[in-house]
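Student: Heads up: the sequence lines are chains V and W, in that order.
If you read the first sequence in this note's numbering, its first letter stands for residue 1, the second for the next number, and so on.
If you read the second sequence in this note's numbering, its first letter stands for residue 1, the second for the next number, and so on.
No lab work stands behind these hints: they were computed from the structure.
Here the structure is a predicted model, which means the values were calculated and not measured.
We put the CB at the ideal spot given by N, CA and C, even for glycine.
It is possible that some hints are incorrect.
Distance condition first, Cα-Cα at most 25 angstroms in a straight line; then the derived DMTMM-like pairs of lysine to aspartate or glutamate [claimed, not checked]:
| id | chain 1 | residue 1 | chain 2 | residue 2 |
| --- | --- | --- | --- | --- |
| 1 | W | 14 | V | 12 |
| 2 | W | 14 | V | 68 |
| 3 | V | 14 | W | 71 |
| 4 | V | 99 | V | 86 |
| 5 | W | 14 | V | 71 |
Restraint ranges, calculated between C-beta atoms of paired labels, are given here [stated by the list, open to error]:
| id | chain 1 | residue 1 | chain 2 | residue 2 | range |
| --- | --- | --- | --- | --- | --- |
| 6 | W | 125 | V | 92 | 26 to 36 angstroms |
| 7 | W | 49 | V | 38 | 51 to 61 angstroms |
| 8 | V | 9 | W | 68 | 18 to 28 angstroms |
To list a few chain W residues with every Cβ distance to chain V over 12 angstroms, as calculated [said to hold, decoys possible]:
| id | residue |
| --- | --- |
| 9 | 5 |
| 10 | 9 |
| 11 | 27 |
| 12 | 37 |
| 13 | 51 |
| 14 | 59 |
| 15 | 72 |
| 16 | 77 |
| 17 | 85 |
| 18 | 89 |
| 19 | 112 |
| 20 | 124 |
Protein chains: 2
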Amino acid sequence: MTIPTEYKDLLDKKSFGHVATIGPKGEPQSSPVWIDFDGQYVKFSNLKSRQKFKNLERDPRVSISLIDPDDPYRYIEIRGIAEKIEDDEGNAFINEMAKKYIDRDIYPWHKEGDERVVIFVKPLANSSMG
Amino acid sequence: MTIPTEYKDLLDKKSFGHVATIGPKGEPQSSPVWIDFDGQYVKFSNLKSRQKFKNLERDPRVSISLIDPDDPYRYIEIRGIAEKIEDDEGNAFINEMAKKYIDRDIYPWHKEGDERVVIFVKPLANSSMG
Numbered sequence: 001m002t003i004p005t006e007y008k009d010l011l012d013k014k015s016f017g018h019v020a021t022i023g024p025k026g027e028p029q030s031s032p033v034w035i036d037f038d039g040q041y042v043k044f045s046n047l048k049s050r051q052k053f054k055n056l057e058r059d060p061r062v063s064i065s066l067i068d069p070d071d072p073y074r075y076i077e078i079r080g081i082a083e084k085i086e087d088d089e090g091n092a093f094i095n096e097m098a099k100k101y102i103d104r105d106i107y108p109w110h111k112e113g114d115e116r117v118v119i120f121v122k123p124l125a126n127s128s129m130g
Numbered sequence: 001m002t003i004p005t006e007y008k009d010l011l012d013k014k015s016f017g018h019v020a021t022i023g024p025k026g027e028p029q030s031s032p033v034w035i036d037f038d039g040q041y042v043k044f045s046n047l048k049s050r051q052k053f054k055n056l057e058r059d060p061r062v063s064i065s066l067i068d069p070d071d072p073y074r075y076i077e078i079r080g081i082a083e084k085i086e087d088d089e090g091n092a093f094i095n096e097m098a099k100k101y102i103d104r105d106i107y108p109w110h111k112e113g114d115e116r117v118v119i120f121v122k123p124l125a126n127s128s129m130g
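Just need the whole structure built from these sequences, with the hints factored in.
Tutor: Right, dumping it as structure tokens:
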């Protein structure tokens with residue numbers, strides 16, 4: 001499974017992915033992130049200190065809900081698994097996302113000691129509207 | 001717990017709530033909905049035929065992720081439980097939401113046979129940014 005062709009543009013736009021994961025007690029957790037699609041994986045950045053990272057290490061199942069910023073009645077939900085989690089060497093990925101979303105070469109909110117990773121989500125199913 | 005005062009405006013705006021629930025195999029599910037806050041409950045509409053409704057009947061835990069439409073770097077995640085689910089008599093609630101979001105007196109996408117409910121989410125915790 002990959003992303004349906006007619007919804008791929010949503011992943012190129014500055015749309016936020018609302019990423020839902022499973023917390024330690026089996027409860028849902030959700031927050032918005034910048035997202036990228038490399039043709040195979042839906043990718044987003046995270047910190048090792050974050051609940052979402054800890055959730056995904058325990059349970060890799062994820063759902064990403066995305067609205068078209070140009071038409072809120074067009075959306076896609078992508079369900080999949082975080083198949084790989086890699087260190088974001090030199091902040092290369094978060095800097096790329098900063099360029100895409102806020103047109104900055106360097107991610108401006110980096111803090112000393114932040115350990116950043118890239119989450120690679122393999123899409124397995126989706127539902128969409130609009 | 002209720003919604004922090006400084007974030008209540010997000011619930012009055014035309015912001016979409018990305019509602020995450022737990023599916024039948026314990027997996028996350030997420031999709032955007034219109035939302036309302038009555039001072040006690042965060043409310044949204046759903047259909048009895050929908051996966052989200054079935055999920056909430058099985059497991060009432062929910063997370064709602066909301067971005068400020070005027071500043072995407074300001075958001076709140078509201079975690080809680082669907083404490084009540086009531087029939088939407090005469091489509092009163094969905095019509096109210098249509099007024100708020102698309103300025104229509106009557107929800108235009110109603111279909112014959114749709115059984116609509118109102119989900120009442122009691123907020124229990126939150127995290128926010130911005």
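Student: Against the structure, test the hints numbered earlier, and report the numbers of the ones violated in rising order.
Tutor: 7, 11, 13, 14, 15, 16 and 20
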